[in-house]
Amino acid sequence: MTETLTATVQAWRLFRATVSRTHRLSPSFVRITFAGEQLREFGDDRDDQRVKVILPAPDGSLEVGDADQLSWYQELMAREASHRNPVRTYTSRYVRADQGEVDIDFVLHGDEGPASRWAARAAVGDEIILCGPNLPHGGPYGGTGFKPAEGTDRFLLVADETAVPAALAILEGLPEHASGAALLEVPHADDALAVTAPAGVQVRWLAREGVATGSLLDPAVRALLDLWLGERSGEGEADVELPIDPDGFLWDVPEQAVRGEFYAWLAGEASVVTGLRRALVKEHGVDRRSVAFMGYWRAGKSES
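FYI, the numbering for the sequence shown is 309 to 612, going by our numbering.
Hints were generated in silico from the structure; no laboratory data involved.
Accuracy of the hints is not assured; some may be wrong.
Said to hold, decoys possible - No farther apart than 16 Å at their CA atoms in a straight line, the calculated lysine to aspartate or glutamate pairs in the EDC-like style are these: (1) 360 x 371; (2) 455 x 563; (3) 590 x 534; (4) 455 x 595; (5) 360 x 435; (6) 360 x 411; (7) 590 x 539; (8) 455 x 480; (9) 455 x 353.
As the list claims (entries may be wrong) - Listed next, with one range per pair, are the computed distances between beta-carbon atoms: (10) 381 x 404: 21 to 29 Å; (11) 498 x 579: 22 to 30 Å; (12) 420 x 381: 18 to 26 Å; (13) 371 x 431: 16 to 24 Å; (14) 512 x 450: 28 to 36 Å; (15) 503 x 318: 33 to 41 Å; (16) 373 x 497: 44 to 52 Å; (17) 407 x 429: 24 to 32 Å; (18) 538 x 371: 51 to 59 Å; (19) 407 x 431: 16 to 24 Å; (20) 534 x 371: 51 to 59 Å; (21) 406 x 500: 29 to 37 Å; (22) 349 x 497: 35 to 43 Å.
Glycine included, each C-beta is placed from N, C-alpha and C at the ideal position.
Between the sequences and the hints, there should be enough to build the whole structure, so can you do that?
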């Protein structure tokens, strides 16, 4: 008997690309378009599709190993600091595989970290490597956190600037009949970006203008929950230990959401969204399986 062996097509792979365009969207956001022949095989599950951006190392090198099996990350982390490429997670804002292009929106926050520093100076021709969905795999690829139950038509999206690109991508994909609210906190009023969303979803931009992260988002979300669900009973599910991702951040995306009052997607600074998750689940009794929670960053933790 002849046995046919079919090679497994991996869901993710590495893609070499160069900067083809940059567009300053606002004081805090810049859109960088990457291009390259390899990107003609870049996949996309849409919504908050995460990808890895691999930047040049401090010594200028841009080489990673074992692209096929994706063990490059472990090898990279074992390198000396001068030869270790910074790796950061972003949302693939738009993917045009037929043109070999991918757009990623970067948040600019000075020279505090390598990604912001690189994005502020990015120029046409600069080279990077993306780790993302492999189109020949066919999908789903993984790497998304927006997973409402089928038939859900009311949504709550909560984000600070680090998660705004993901929130806007989610809004663009909601069905026309969807309702709910998106509360988006950004550094400045001029950071309010163009939004495509169903008419029934209210989008509110909260501009901090120098006050602390979350100081506007937290009370706005709590007030909305009181409006939607009534005064807090404090009789919801007990707090559970939240999983920690490999980068040390809290991350909980239930795979089987339940259909309830609404589906909530919370992303941003870890302590802020942790408190809001507690308000939903513990104080208002929302089923935790209908709350996706992502601590994109943590105040006081430097981006080395």
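A quick look at each hint next to the structure:
no., hint, result
1, 360 x 371, "holds, 15 Å"
2, 455 x 563, "holds, 7 Å"
3, 590 x 534, "holds, 13 Å"
4, 455 x 595, "holds, 14 Å"
5, 360 x 435, "holds, 14 Å"
6, 360 x 411, "holds, 13 Å"
7, 590 x 539, "holds, 13 Å"
8, 455 x 480, "holds, 15 Å"
9, 455 x 353, "holds, 12 Å"
10, 381 x 404: 21 to 29 Å, "holds, 27 Å"
11, 498 x 579: 22 to 30 Å, "holds, 26 Å"
12, 420 x 381: 18 to 26 Å, "holds, 23 Å"
13, 371 x 431: 16 to 24 Å, "holds, 21 Å"
14, 512 x 450: 28 to 36 Å, "holds, 31 Å"
15, 503 x 318: 33 to 41 Å, "holds, 35 Å"
16, 373 x 497: 44 to 52 Å, "holds, 45 Å"
17, 407 x 429: 24 to 32 Å, "holds, 25 Å"
18, 538 x 371: 51 to 59 Å, "holds, 57 Å"
19, 407 x 431: 16 to 24 Å, "holds, 20 Å"
20, 534 x 371: 51 to 59 Å, "holds, 53 Å"
21, 406 x 500: 29 to 37 Å, "holds, 31 Å"
22, 349 x 497: 35 to 43 Å, "holds, 40 Å"
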